[in-house]
Amino acid sequence: MSGLTLATITHSFSARRVLDTVSLVIRPGELVALVGPSGCGKSTLAAIAGGIMRPDQGRILRQYQRHGMVFQQSRLLPWASARDNIAYPLTLGALARAEVAARTNAAAQAVALLPDDLDKLPVQLSGGMRARVAIARALVVEPEFLIFDEPFAALDPALRRRMQDLVLSLAQARGFGGLFITHDLHEAARLSHRIAVMDRQGKGILGSLTPPGTPGARSEAQIFDFTQDARTDPLLHDLLNVDERAVALDCACDTLGFQRCC
Amino acid sequence: MPSDLALRRVSARRAEWAEMLPILAARTALRFGPPALGVALFLAAWQAAHWHYGAFILPSPWQTLLAVWATLSSASGWAALGATFGRVGLALGLSGLIGGGLGLVAGYLWFVRAAFAPVATILLGMPATAWVILTMIWFGPSHGSILFTIAIVIGPILYIGTVDAVLTRDRRLEDMAASFGASRIARFRTIALRQILSSLGPVFGIALALGFKVAIMAELVTNVAGLGAQMARARAHMDIDLALANVALAVVGLVIIEHLVIRPFQTRLGQWKRGVA
Chain A
1 MSGLTLATIT HSFSARRVLD TVSLVIRPGE LVALVGPSGC GKSTLAAIAG
51 GIMRPDQGRI LRQYQRHGMV FQQSRLLPWA SARDNIAYPL TLGALARAEV
101 AARTNAAAQA VALLPDDLDK LPVQLSGGMR ARVAIARALV VEPEFLIFDE
151 PFAALDPALR RRMQDLVLSL AQARGFGGLF ITHDLHEAAR LSHRIAVMDR
201 QGKGILGSLT PPGTPGARSE AQIFDFTQDA RTDPLLHDLL NVDERAVALD
251 CACDTLGFQR CC
Chain B
1 MPSDLALRRV SARRAEWAEM LPILAARTAL RFGPPALGVA LFLAAWQAAH
51 WHYGAFILPS PWQTLLAVWA TLSSASGWAA LGATFGRVGL ALGLSGLIGG
101 GLGLVAGYLW FVRAAFAPVA TILLGMPATA WVILTMIWFG PSHGSILFTI
151 AIVIGPILYI GTVDAVLTRD RRLEDMAASF GASRIARFRT IALRQILSSL
201 GPVFGIALAL GFKVAIMAEL VTNVAGLGAQ MARARAHMDI DLALANVALA
251 VVGLVIIEHL VIRPFQTRLG QWKRGVA
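Heads up: the protein sequence lines correspond to chains A and B, in order.
Position one of the first sequence corresponds to residue 1 (the numbering used here), numbered consecutively onward.
Position one of the second sequence corresponds to residue 1 (the numbering used here), numbered consecutively onward.
Derived from the structure by calculation, the hints contain no laboratory data.
The C-beta atom is built at its ideal place from N, Cα and C for all residues, glycine as well.
Some hints could be false.
[Unchecked claim] So the derived list for chain B, only partly shown, Cβ under 7 Å to chain A, looks like this: (1) Arg172; (2) Leu173; (3) Asp175; (4) Met176; (5) Ala178; (6) Ser179; (7) Phe180; (8) Ala182; (9) Ala186; (10) Trp272.
All chains, please: the whole structure from these sequences, using the hints.
Next up, the structure:
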């Protein structure tokens, strides 16, 4: 069981409501992509789902023991080596050193990090390697559910695709469910079982789209056809047509995370 | 008789060294050359000024070095050095505990920050000389009055530095830790504290340098044992060699402490901010 239910989540920052009775159900083993225009509260919802913050109102039902989270811009500890970054969640508990080392190496292997790279600081790693370290850090806790908050937004298309392939292979191998926040419809169609579309003002989930087949088994042609058709769907009107100049200044997303992103 | 293989190895190693030596020499010259040139220019200007004004106004670098040696050869010289350095160290520790501790609380609690903001501004605006006079009146010319003067001058700097370090830390890293179930204490211990300490390195360097200046000034005015008191004596006897020797000792001492204490602290905790060469 690795499902997540967010029921009537409402949250405000400085008396400005950013999430208004948002409900989302993710079934066990299901990977749901959440799309929506900048500033609609996607990252805030991810932070609430990840236990970083508590909603003002609403309920969260987690049908799993452990979750991992992968963030925008990796959020690696800049003073720690890749190895120590991966091990960080384990150091918060009372695990023996040998077990921490073994699980860290296993997580690093799962994302194909080279042993030489494990002793490097984040500043010495490329964007793709940093993304791999961030994914390994999420995997090291052996999660049953993964939350991705636009983890590959800053990567170039080729690297982004390789990271998506990595997520797909890990999801297939380990069978975890997850929530994948993204702006990119193609990425959502490639990775998820279902695409939930969020209202531009955070007033709930407008609806869902289901790409054909299952993630990892879809052909490029299927994904392309799906995204082309979806572009004419009224559900995605705001995602595809929102003018960032029309977004109020206090709602403008600076891509740095939920607290600075409504 | 060395074998052919051994001879070939030796000659290969020699060739390696022959290639490496110019590179190493160039690196060393680039690293130490500019600072050495700066020091040489300073000493040359000093020597030129000495020739122009004479030994009574400005002793030569060599005369100053001899005076430093004379001071370091006497027990009283070491006692003066120890007194000044001890006071600065004690005051820095005290200010670090009080100023840094309050700064930590104020960084996290806006109410405390708002309440202390005007107090910090007033304390920072007070001239160090005013504190020397005031503490001399309050406590008399004593070890305690100098300690208090140094602490009250550098305390607000450490306070403001700590508040700034708390406020400018990357809170997204703490969010990351929270997502893995880290408690508030664990987030502070493993993430916030590391960032705060790395920001405090330069602040401690400034506080140390200012602490020395204030200590010498306070000792000079109160005439309590230390490098400042030695300078007061030199002034009374018009002994310019001794005065300059004490200045040189204070500067060299400060540089040594900075390289032995502050720089390693900065390197250990703040290397990641400057990136890796």
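### alanine 186/B as an interface hint toward chain A, with CB separation required under 7 Å
Interface hint status for alanine 186/B: holds (6 Å vs cutoff 7 Å).
### Task
Would you settle whether the hint for serine 179/B is holds or violated, based on the nearest Cβ-Cβ distance to chain A being less than 7 Å?
Holds - the Cβ of serine 179/B comes within 7 Å of chain A, reaching about 4 Å at its closest.
### Task
Have a go at the alanine 178/B hint: is there a Cβ in chain A nearer than 7 Å to its own Cβ?
holds, 5 Å
#### Entry: Residue hint leucine 173/B, partner chain A, criterion CB-CB below 7 Å
Holds - the Cβ of leucine 173/B comes within 7 Å of chain A, reaching about 6 Å at its closest.
### Task
Report holds or violated for the interface hint on arginine 172/B, using the least CB-CB distance to chain A and a cut-off of 7 Å.
holds, 5 Å
### Message
Hint methionine 176/B vs chain A: min CB-CB distance below 7 Å?
### Response
holds, 4 Å
### Query
Do the numbers back the hint for alanine 182/B, that is, is its least Cβ distance to chain A under 7 Å?
holds, 5 Å
### Query
Minimum Cβ distance from tryptophan 272/B to chain A below 7 Å?
holds, 4 Å
### Query
Can we keep the aspartate 175/B interface hint, with Cβ of chain A closer than 7 Å?
Holds, because the Cβ-Cβ distance from aspartate 175/B to chain A comes to roughly 5 Å (cut-off 7 Å).
### Task
Against chain A, run the beta carbon of phenylalanine 180/B and see if the smallest gap drops under 7 Å.
holds, 4 Å
Violated hints for the displayed structure: none, as all numbered hints are satisfied.
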